Amino acid sequence: MKIREYFEHTEGYGVLSTASPSGRVDAALYAKPYFIDDETIAFIMADRLTYRNLKVNPYASYLFLEEEKFLRGARLYLTKKKEERNPELIDELRQLRHYISQDEIYEEDTYLVYFTIDKVLPLIGSEHEGLGPIS
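So the mapping is simple: our numbering equals the position in the sequence shown, first residue as 1, plus 1.
Hints were generated in silico from the structure; no laboratory data involved.
Please read these numbers as outputs of a predicted model, since none were measured by experiment.
Quick reminder that beta carbons are idealized off the backbone N, C-alpha and C, glycines included.
Take these hints with a grain of salt, some might be off.
Each pair of labels, with its calculated beta carbon distance range [what the hints assert, rightly or not]:
(1) Pro22 <-> Glu93: 30 to 36 Å
(2) Ser23 <-> Glu69: 37 to 43 Å
(3) Arg86 <-> Ser127: 14 to 20 Å
(4) Arg86 <-> Leu50: 15 to 21 Å
(5) Leu94 <-> Leu72: 27 to 33 Å
Construct the entire structure; sequences and hints are all you get.
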């Protein structure tokens, strides 16, 4: 199964982890990623610690825990590709998931941050265990 299809058909919760240049780790709750293509995802980010870490260290990991199945999910290893400040596109993406418009609840600047998916692993185990062939 392609990782894009997995996320389209699986409900759950995610944690995006980043690190500062000195190695201080941050972890924050994030919704499922937006798939741009089979190798590229994006997250909507406010100008907070996760976003600031990515300005100086492009590497991140995203841990996804399935809602319905105990200890099942995926780990995505990511490299930041680019970012853009595009309120119209961000609102369009939010509406796809029925989120409230940015202007209604967010006072801070938001960015669409794009990542290359470097590696996908199951939540527990190695690439040879767990979910089976997710690519």
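Next item on the list: Against the structure, test the hints numbered earlier, and report the numbers of the ones violated in rising order.
Entry: 3
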